[in-house]
Amino acid sequence: MRVYLFAFVFFCLYIPAKADVKFTDVTDLSGIEFQHFTGTTGNRYMPETMGAGCAFLDYDADGNLDILLANGTSLSSENKVATPRLYRNVGDGQFIDVTEAAGLDVPMYGMGITAADYDNDADIDIYFTNVGKNRLFQNNGDQTFTDVTDAAEVGDPSWSTSAAFFDADNDGWLDLFVCNYVEWTPETDIPCAVQSTTDNKRYRTYCTPTVYAGQSCRFYHNQGNGTFNDRTTQAGFYNSIGKSLGVTLLDYNRDGWIDLAVANDTEPNFLYRNNGDGTFTDEAVVMGVAFSETGKARGSMGIDAADVDNNGSIAIAIGNFSNEKTAFFHAKPDDTYFTDRTDNVQIGNVSFRLLTFGLLFFDCDLDGALDLFCVNGHIEPEVRRYQQHTPYAQLPSLFRNRGDGTFQDITKHAGFTRTGVGRGCVYGDYDNDGDLDLLVQNNGATQDHGKVWLLRNDSQSAANYIRVRTTGTRSNRDGIGAKIQVTSGGRIQQQMIRTGSSYCSQSEMILTFGLGNSKTVKNLEIQWPSGEIDRYGELKANQQIEAIEGASQK
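Positions in the sequence shown are counted from 1; adding 678 to them yields the working numbering.
Just so you know, these hints were derived from the structure itself, not from any lab.
Don't be surprised by glycine CBs; every beta carbon is placed ideally from N, CA and C.
One or more of the hints may lead you astray.
[As the list claims (entries may be wrong)] Straight-line Cα separation of at most 30 Å, DSSO-like style, residue types lysine-lysine; simulated pairs:
#1 Lys1129 to Lys758
#2 Lys1161 to Lys1200
#3 Lys1129 to Lys811
#4 Lys974 to Lys1010
#5 Lys1129 to Lys1010
#6 Lys758 to Lys811
#7 Lys1218 to Lys1161
#8 Lys1129 to Lys700
#9 Lys1218 to Lys1200
#10 Lys1161 to Lys1129
#11 Lys1161 to Lys1010
#12 Lys1218 to Lys1197
#13 Lys1197 to Lys700
#14 Lys1090 to Lys700
#15 Lys1090 to Lys1129
#16 Lys700 to Lys1218
[Stated by the list, open to error] Simulated restraints, written as ranges between beta carbons of each label pair:
#17 Asp799 to Asp1082: 13 to 23 Å
#18 Ser970 to Asn931: 21 to 31 Å
#19 Gln1222 to Val964: 35 to 45 Å
#20 Gln873 to Asp1126: 20 to 30 Å
#21 Asn1195 to Asp825: 48 to 58 Å
#22 Asn1195 to Val784: 42 to 52 Å
#23 Ser752 to Gln1066: 26 to 36 Å
#24 Gly1228 to Asn907: 23 to 33 Å
Based on the provided sequences and hints, a complete structural model is requested.
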């Protein structure tokens, strides 16, 4: 009898929770045909393996999320010219390529995307980060864009990666933070090789960032007249050792000013406290997020931050290199510092062998607890020559929030059985059914990989939701930095309107709150960057609220 009882208990402990979570790859059905182009030369140029990002955005303001994909181009005259691609959502799950019509068919070696209404004219503008000159495209309001990079003075010629629009000084105009990586050009490329464990020969491989000098991130202050002023040094952001790959917005000291967390590759991470006077102070070391538990700087790529406990705490997740667990820094509301709780939340063992780039917090099953999605893939296609148990293409990871401070790996149970070379990832409700879908950008160093994945959320759940779209009046038009608190079913959730996060990518800016079985929202409160507070009461579930600053019930 004891044997049977033990077997039953074992089964109950390990049966997959919420097995109704299901994602379906609908890329081919949607009409999206995209193969990421790296400009591979055979020389193992480092940028070839580092891109690229993606974005969900509504560029034509028709209520349907469109898709924007960063793309590489030629690193030598021998390769073809490629451009980013913009796919317009025409409804019924279908997309059409409108890149040329929109004026975005501009060759650039693309890495990342951030998009927001920087000029407060009610349409979304696009900033591309590149290996070489970055580009800002202003939305003309007629489904076309104009390159205003030179006029706006934001064309950093460095190797840039992730970026984020945010209002650093709460003046109503969005400023711009840009992550920069290392000093590299084809002319200054350093050949790197590795010894094979299978045939004892040396092979050309992609270098680690340790062989190159780092580049400082840049900070551009929005002048409110269509131009930006580079205030990197004045604001306290200048640091040449960064080798930065990811940035996320948060308010970790809860003072109403947006702070920045930055993931650095083989260098200590940054955690910039906004001082409220136009300057920032890096507190990563003292706050406990600069290094691993053993005091080591890791190969950090993607990053996100959220309240995963619904109690005002803050979690910062960072994707790291293989043989380095995904970091999960956590601070409760009354904690002075962050603590790396990767093993405590039970994502350490799964993430250890994986090389994680993009990651994000989102509510995959609308139960009111934010889950964690990661995309994985090595940088070296021939990695098995020297690490026999490490694959190049890897499965993504989906960790479901159990609601008790731990997460459960439900990757395969949710339908993720296909490997890829994941880089960027974002969430958004592209089919307007209330749940959050996923978009994954894979690196195209080999022809077998590098196709984008559009993953529709087909979870069979009776859970309810509410979605909130913000429009600022005194604050910036998008309401970036606004904190939204939802009270429903005895639970309080809080999220912030943000750009950036993940890796070189951007999710939709509409916020989705899962309500579980609750059919109403008791209270919804919005704290705007301007200091304005709007309150709504007794809202029905399963709808999208259009929240305009200053127009609530109060």
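Quick rundown of the hints versus the structure:
no.	hint	result
1	Lys1129 to Lys758	holds, 18 Å
2	Lys1161 to Lys1200	holds, 17 Å
3	Lys1129 to Lys811	holds, 25 Å
4	Lys974 to Lys1010	holds, 24 Å
5	Lys1129 to Lys1010	violated, 39 Å
6	Lys758 to Lys811	holds, 19 Å
7	Lys1218 to Lys1161	holds, 20 Å
8	Lys1129 to Lys700	holds, 21 Å
9	Lys1218 to Lys1200	holds, 9 Å
10	Lys1161 to Lys1129	violated, 35 Å
11	Lys1161 to Lys1010	holds, 18 Å
12	Lys1218 to Lys1197	holds, 6 Å
13	Lys1197 to Lys700	holds, 23 Å
14	Lys1090 to Lys700	holds, 9 Å
15	Lys1090 to Lys1129	holds, 20 Å
16	Lys700 to Lys1218	holds, 26 Å
17	Asp799 to Asp1082: 13 to 23 Å	violated, 46 Å
18	Ser970 to Asn931: 21 to 31 Å	holds, 23 Å
19	Gln1222 to Val964: 35 to 45 Å	holds, 41 Å
20	Gln873 to Asp1126: 20 to 30 Å	holds, 26 Å
21	Asn1195 to Asp825: 48 to 58 Å	holds, 49 Å
22	Asn1195 to Val784: 42 to 52 Å	holds, 49 Å
23	Ser752 to Gln1066: 26 to 36 Å	holds, 34 Å
24	Gly1228 to Asn907: 23 to 33 Å	holds, 29 Å
Violated hints, listed in ascending order, are 5, 10 and 17; each of the other numbered hints is respected by the structure.
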